[in-house]
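Undergrad: The chain contents come next:
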Amino acid sequence: MTSKLGEGFNARLGRVPLNLTATGVDPFGMDPQWTKYALASVALLHRHYFRTEVVGAENIPSSRVLLIANHSGQIPLDAALIGASLFMDVEPPRFMRAMVEKWTQTLPFVSLLFSRVGQVVGVPENAKHLLMNEEALLVFPEGIRGISKPFSKRYQLADFGLGFMRLAIETQTPIVPVAVVGGEEQYISLGNFDALAKLLRAPNIPILPQLLLPFGALPLPTRYRIYFGEPMRFGGDPDDDDAVIEEKVFVVKATIQSMLNRGLKTRKSVFF
Amino acid sequence: MMGPTSGPRSEPPPGSRRPAPLPRGHGTVLVTGACGRLGKRVIRVLHRERSVVGVDRRPFPDKPKDVRHEQVDIRRKKLKDIFRAEPIEAVVHLGVLHDPRASQAEHHSWNVAGFQKLLEYVAQFDVPKLVVLSSANVYGPQPDNAQFLTEDAPLLGGARFGEIRDLIEVDMLAQGFFWKHPGTETVILRPVHILGSVHNAASNFLRLPTIPTLLGFDPMIQVINEVDVVRALRCALAPGKRGIYNVAGPDPLPLSHAIRILRRPSVPVPYTLGKAVLKRLWSFRLTTFPAPELDHIRYVCMVDDRRARAELAYKPEVPIDETVKSVDSEA
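Line by line, the protein sequences give chains L and P.
Read in my numbering, the first sequence has 241 at position 241, and its numbers run on one by one without any break.
Read in my numbering, the second sequence has 18 at position 18, and its numbers run on one by one without any break.
A couple of the hints might just be wrong.
Selected chain P positions facing chain L (Cβ under 7 Å, derived; list incomplete) [what the hints assert, rightly or not]:
1. His69
2. Asp251
3. Ile320
Rather than coming from a laboratory, the hints here were simulated on the basis of the structure.
Where is the CB? At the ideal position from N, CA and C, for every residue including glycine.
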């Protein structure tokens, strides 16, 4: 499987900085073997299904970094593709870490897979711990509000949480804004079944007419474009009032929104 | 690991003892739960350095010769006589009852009322040091736990698993005592799953001939060898140490790796099925594992032990393979 990804894939694996314990996993349960296969399959999607175009890969520093991105697409393929670009297109290659919903921890197999490929439960202590270990951490400050946007709200950023900014200031981590274009069209959502979601204790269940078509469960093969912006640094007091933190968050949000707008303007087609 | 033949001791004959103030850290230690497997281990280490009084309601037939053993129930008045008889410099409380089959009332009266009595005497006789062995289980396995819980994390272990509430109460009582009696250096240790010859849930679980796991779950776990727990207790007994400390062993590992180290077969069971079966087995008294304990093989409950390493100068020494394999060792 890895042969289709070019000579570089295995060589790149060898260059990823790791922090393993005696039993071959990292303290958060990431197993390089699992991660290798997960990355290989995501890399196939990245290169051949979504034909991802990556701009600004040189903006990723080699030490600790917070990647702040827009969230879209009903299922978190955007996270997987950003992870794949961090491995395939960024120098030195990195294993990206992301924060996942607490709810996913209650799901068999899902929780296991997430943990083995380096995804951790979304609590501030974990984020801090990872950044202190100089990892690259992806955060979607829109959270579930972002990924479950209906089609009519595509590429309009929902409210940002403030936690990531406090974290960045406290750990003095540079923020790299990330704009992902192409995710909003992979599943056309008309809205959410709120009552059903509540019943199943799932965060949301989108209404996706395309599921009625043959192979409709697959995301549409849109072309993804991932833009990495220049690192932004923020100072001040991490425990400042929400109003003060909000201003800084707004700067990041505005940067991502304008990157998104620019990306949308230059794109000629959703699929090519 | 036998060692009742302690080295030559230059002690005054028993009759003339009493005043001779020993330097701090060398006076008599009272150990509760002395006859548990961990208690015996603690005593075999401590009696080489200082005089030890063991307290347990069970007899201690193979005790080292220089250890005094008092077969008393800690809820009884007789406990006071021990404090009165000679100055106690430190109390190590290991006597928490964990028998899942004992009734709630018995559990509560032993663990909480007994511990309160003990605290009363520690205060009354101005004992300079109190070390309480709590457990990292007081935090409880939860889906939204931070990977490494610090000592200020809330004690939520009782939310789903009632039997742990006693232990949480003991931990809280000790915390209250810490603040109310600054004259006593109180240390609360919260070790992760203790493995070894001990008969606790974690060791018993890993001793099963075929180890059941939950289908699709393989949480990271932390384990510690009983020898390292004794090491941590010794660090806590050093003069000047006080506070709450998480105590972890070697690096964490996935549950499946621990099972692989033991070379035992394991069967994955879906959670709902496992829970139903375990409940049934429990009601027929065919298992010693209550169903809510399944969360320990489902979610993480791991601790950050940096404070113990920095302040107590504690460091685990038993490597992970040996720690896991120690469940099969006897004695």
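Undergrad: Would you check whether aspartate 251 (chain P) satisfies its interface hint, that is, whether its CB is within less than 7 Å of any CB in chain L?
TA: For aspartate 251 (chain P), the interface hint holds, since the closest Cβ of chain L sits about 3 Å away, which is under 7 Å.
Undergrad: Was the hint right that histidine 69 (chain P) lines chain L, CB cutoff 7 Å?
TA: Violated, because the Cβ-Cβ distance from histidine 69 (chain P) to chain L comes to roughly 39 Å (cut-off 7 Å).
Undergrad: Measuring from the C-beta of isoleucine 320 (chain P) to each C-beta in chain L, is the shortest one below 7 Å?
TA: 5 Å, holds
Checked against the numbered hints listed earlier, the structure breaks hint 1 alone; every other hint is satisfied.
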